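*Asks:* Here is what each chain is made of, one letter per residue.
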Amino acid sequence: MMRSVRLLLLLILFFTSYSVRAQEPASIKINGEFNNVSATEFFKGLEVLIPSYKFYYDASKLDSFTVKLSITNLSLTEVLEAAFKGTDIQFAVDTLSKNIFITQKVKIYTELPDNFFNEKKKLNVNNNLPDSLLDYEEGYNEKTKVAPGRLIEIGRKTNQTRNNVIITGYVRNVRTGEPLTNVSVFTDSLHSTITDIYGHYSLMVTSGNHTLSVSTIGMKDIRLQLAVYSEGKLDIDMNEEIRVLKEVLVSNRKSYNIRNVQMGVERLSIEKIKSVPTVFGESDVLRVVTSLPGVKTVGEASTGFNVRGGSADQNLILFNEATIYNPSHFFGLFSAFNPEVVEGIELYKSSIPANYGGRLSSVLDIKTREGNKKNITGSAGIGLVTSRVHLEGPLIKNKTSFIMGARTTYANWLLNLLPQEYKNSTASFQDIDFSVSHKIDSSNDLYLNGYFSNDKFSLGSDTTYGYSNRNANIKWKHNFSSKFRGVFIAGYDQYQYNVSSNKNEVNAFKLGFDVKQSTFKSDFTYFLNTKHSLDFGLSSVYYKLHPGYFEPYDSNSAIQRDEVNAEQALESGLYLAHHYSPNNKLSVSSGIRYSIFNFLGPQEVSIYTPGSPVTESNRTGTIAYGKGKFINTYKGPEIRLSLRYILTPTLSVKAAYNSLRQYIHLLSNTAIIAPTDIWKLSDPNIRPQKGEQVSLGFYKNFKSNTIETSVELYYKKIKDYLDYKPGGTLFLNHNIETDVINTKGKGYGVEVLLKKPGGKLNGWISYTYSRILLNAYDSTQGVSINNGKYYPANYDKPHDVTLAGNFRVNHRFSVSLNFNYSTGRPITLPIARFYYAGSERVLYSDRNQYRIPDYFRTDFSMNIDGNHKVHQKTHNSWTIGIYNVLGRQNPYSVYFVSEDGKINGYKLSIFGSAIPFVNFNIRF
Amino acid sequence: MRTIFILTTIIFAWLIGCKKPYSPSVISSNRSMLVVEGNLNAGADSTTLRLTRTFKLDDTARLIAENNAQLTIEGRDNSVRSLSGSGNGYYTSSNLNLIIGKEYRLRIITSGGNEYLSDYVKARITPDIDSVGWDRDITGAHVYVNTGDPSGNTVYYRWNYDETWEIRSYYYSRFVYENGGVRPRLLPAEDVSVCWKNDQSRQIILANSKSLTQDIIYKKPIVTIPSGSEKFQVRYSILLRQYSLDKNAYDFFEIMKKNTEEIGSIFSPQPSEIRGNIHNVNDLSEAVIGYVTVSEEKQKRVFITRPTQWDFSLSCTSIDVPKMADSINYYFGGYQYVPYDEGPTVYLGTEPYCADCTIRGGVTTKPSFW
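So the sequences go chain by chain: A and B. As numbered in our numbering, the first sequence has no gaps in its residue numbers, which increase by one up to the final residue, 1052. As numbered in our numbering, the second sequence has no gaps in its residue numbers, which increase by one up to the final residue, 457.
If you are wondering where the hints come from, they were derived from the structure by calculation, not from laboratory data. Any given hint could turn out to be false.
[Claimed, not checked] Below 25 Å or equal to it, Euclidean Cα-Cα: the simulated SDA-like pairs (lysine to any residue) are:
#, chain 1, residue 1, chain 2, residue 2
1, B, Lys209, A, Pro741
2, B, Lys344, A, Ser683
3, B, Lys345, A, Phe678
4, B, Lys107, A, Ile156
5, A, Lys874, A, Glu968
6, A, Lys818, A, Lys872
7, A, Lys631, B, Ser218
8, A, Lys638, B, Lys209
9, A, Lys348, A, Ile156
10, B, Lys306, A, Asn684
11, A, Lys631, B, Lys189
12, A, Lys213, A, Ile156
13, B, Lys345, A, Asn684
14, B, Lys143, A, Tyr919
Predicted model only: the values in this text are computed from it and were never measured.
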């Protein structure tokens, strides 16, 4: 661009020197409407209106400029004068060549000054005038040299003084063009914000001069001198921070944890996730989540996790806004997300923003990166269990990019190492994700996401299990104005599970279930001013759930086809949230979400004698509803309230209250989340789950915010959580309400966290004390568990200590150490023996009255990068480590079996020894 | 990369997953609960119930029998029948003469004065066993049952069995070591070359046909005889007993089976409470283990002769022991070897289990059905 401008300039100078004074193109009259368009769009528009003229400009220098003009019958010059009034933008119209040159500060003259060839001395005298004639590019460079902190002018110079103005824009990685999220953009502690997942920010400042700071971990800090006149746009490109040896630790100015109003939010970047050693060295998004304070798992081979005493189905797991019903591969040994495309995760444990709903305990938001907008790049990795590849790059340079990743496994050899009873097992899994992001213009972005995962395995027998997630969505982000922004998402999510067996030809069967949902969501954000902003929107989910089918494998089978009626429902939510910061100490976020659940026909609903236990014998009949009929409706408000008060710049206190409702339930009678667990919608006989939580937290940063500490306390209550009745059948049960029992729960705890997010030595230590107690309380249920007394849930592990540490020895070598201790989980133990049916057998205690031995594990890994020469085709790295260094045999499960007339107790350890691993990665 | 994989595979050979014995610090409940086992035979045959008590996990007792209780069977038609104690917790009746379709309950008054009563249970028909067959694969022989109810009323089935098999000694023993000397065996009275062994089912065997279009049980595995087992050394016999159940009884047995036989695999369900149909009349909260069923008992006995290429073998050695007192004492005195035959100057000795089938747990009395 610059080169062509310079060339043209020379030509023009050459030709115009022969001409007399230029003629204004006054004869052309222009009519048009420009509503907050960027400079580029403005010039393109004018080129359409006056096709003979062409504009020359450097778009990057005009990035903060927008035009709002209504033109009627004006000449080109008048239009441009009006558009650039109050700015330092200059224009020059060369009527001869019909070129228009747009410059900043320095004006281009399309003709030489009078007497240019005769009176050189006079020119020199005038050299200090602003309108001096210089080669455009040289002139610009000279200016920047004179003022090293480049002054950026935002908006239009006007005489009116406006107190608050909003600056919006994107922050991107200059190398890849990817948007950067959670970047702090601020002028001072009152005027600060962070970029959203699109890299977009909206910062409210007062008009006048400011120093704008932009910082995030891993990027070079940027400080910009701003002269702010009115609303404007400013896109910022950041350079990656190149660490040098003997680096001086620069504290990042992230005091986000102090200032953010939300409580109980955990953010992790993929770099941090990758530095945590995991079994087999497979970077595992969910495994790292389970090491965060307040998050527990039943066992290490389970990716189902429990947040602050919630059950595993109470977590909303979103992958690029798509709901993932089973986030794991291979019975939960691995999470189903390719670490090469994931950008980072956010886990909301306490203050769940009002735009999320439908699950009681938490929201885990997993985002993939946007593809590199400049070059095609990719990576490939080989581990002991999976190999993976990812590719990203522009489809249209700087506008449209894609990113895709795929993983597959060759884990069959691993299965042969499993305990004897699983010999002859086979397993395979794959996952594929694909995203396209397209920037339509400065205020419209379009995103397309697809996700597919598939698991197939047979466990030591002729029975084949399989499950699969399929998700797709499209997202449109539109900036109505710098203050008003909307995001629209339409998507489809599906999860299915199936089993087939054909060993015994008469009993050969296929069985399965699936959940499908279509979603539509719209979220709006409106910034009123520095003190107020609003979020509002609505969402709708249409569920179609097949709770189960059982059918003959082929025509030889005598199996009778059985299917539980499909369930349909519509869940809608309408929300409004108000963020209010009356001063720089207090900030309040209050939201309300009203959710409505309609259970829809066609369906046959069983009726039970009112007030009696819901059992088969009390069923009085069924009512059939036609297609699309509204069978029943549950509705109610959910409150989301959080409050922050800054006591000192490094100390704040926060409080929050949340209430939530959940209309879809996971029914399980195994200790872990098993793929066999089925989903069930609320219906006239199954009430929605309700939960509420109050929490209080203190946040204190030390050493210029390089060390973050926090203490969070919470108390929560759960109502109408579904547990199974002793001996209940969950699969293919046409009247599942007779085999489940409504349970209430209470949970409380304190989470202490010490975190050092950056620097050579980084990581966190956390201690959690928490309890979760359940009570099957409903007298109308017929049976109760433990005689209606409170009992600990399977995942009640009161004490938990986690350390996740990483030390960068140098630029190419880092070591990570993990340490994990927790109380053993509750278990139902045998309390007596008896002799029955030829064997000695055991009698079990009340549910969950004892605990398995405490859990303790240490992991270690080393990351070795290849050399960092820039000009090589590929960069490679190695990860070598040991999972469970101490080889401790942590019992996963304890059980008692009668063998040869005797009772033998066993403890089963899944990873019962030190497990070394190697992982190789190539980036290109 | 290939070498790395080979290397890591070797490393992995000793790593993943392990199952270790576990005995938690003693958890003992002082309560000793009543356990009731057995079926009230609605057919023409005898009925045996057994009353026992639970015992602590760390108790050395193998079984605590509940003797001297009074057991009566009460019909809804006000009929009363009683069972008589035969010791070791057993209570029997040669024929209860129950009527199919009528409802009965069991009343137990223990010697301690506690009174227990079961729910009323309807006497059920049990269909005949169609056939008992067996399959063989590399792991062994699998005995299965085929049955069904054309009327479709049975649906839930339970079985138990007694098995008997003939064993033979490797060497025919004509001598016996006794009182420091060797004497000829009195034959055939002291013959120990052929024995019979017995065992009974030790697992709860259940099946149902509720998901089938017909009430058929096809090839339900009953017992597996592992390859090389002595059970097939000569001839094997199984007496299979079949009972029909109602849904509640089936659920009870299934929970007991799940709790005590199937816990521990990755997907295994958690133990759940065992709820029977017997209660303490004065204290409903007292746990009583057991479920009274009232069904006909149907039996079928089949014989299986040693299949071809069934490689059962005993590892036996034969030694020559000079007919001298100190040699005899040296080899036979500690029962390390026993004499079985003789040469001119020597006794032939072998390991005791090679010459004497009673050492292997057999009895020499031929069963009446053999």
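*Asks:* Taking the hints in turn, state whether each one holds.
*Replies:* How the hints compare with the structure:
1. Note on Lys209(B) and Pro741(A): the hinted pairing holds, with a Cα-Cα distance of about 24 Å set against a maximum of 25 Å.
2. For the hint pairing Lys344(B) with Ser683(A), the CA-to-CA distance comes to about 32 Å; that exceeds 25 Å, so the pair is violated.
3. Under the criterion of a C-alpha separation no larger than 25 Å, the hint pairing Lys345(B) with Phe678(A) is consistent with the structure, at around 22 Å.
4. The suggested pairing of Lys107(B) with Ile156(A) is violated, with an alpha-carbon distance near 92 Å, which exceeds 25 Å.
5. Restraint check for Lys874(A) and Glu968(A): the C-alpha separation of about 38 Å exceeds 25 Å, so the hint is violated.
6. Taking the CA atoms of Lys818(A) and Lys872(A), the gap is near 9 Å; set against the 25 Å cutoff, the hint holds.
7. At roughly 20 Å between alpha-carbon atoms, Lys631(A) and Ser218(B) fall within 25 Å of each other, so this suggested pair holds.
8. Between the alpha carbons of Lys638(A) and Lys209(B) the distance comes to roughly 35 Å, so the proposed pair goes past 25 Å and is violated.
9. With a CA separation close to 49 Å, the supplied pair Lys348(A) and Ile156(A) exceeds the 25 Å bound.
10. Distance check on the hinted pair: Lys306(B) and Asn684(A) sit about 15 Å apart at the alpha-carbon level, within 25 Å; holds.
11. For a cut-off of 25 Å, the pair hint linking Lys631(A) to Lys189(B) is broken: about 41 Å separates their Cα positions.
12. This hinted pair checks out: Lys213(A) and Ile156(A) have alpha carbons roughly 21 Å apart, not beyond 25 Å.
13. Between Lys345(B) and Asn684(A), the direct Cα distance comes to roughly 30 Å. Violation of the 25 Å bound is thereby established for this hinted pair.
14. At roughly 24 Å between alpha-carbon atoms, Lys143(B) and Tyr919(A) fall within 25 Å of each other, so this suggested pair holds.
Of the numbered hints given earlier, the model fails hints 2, 4, 5, 8, 9, 11, 13; all others are met.
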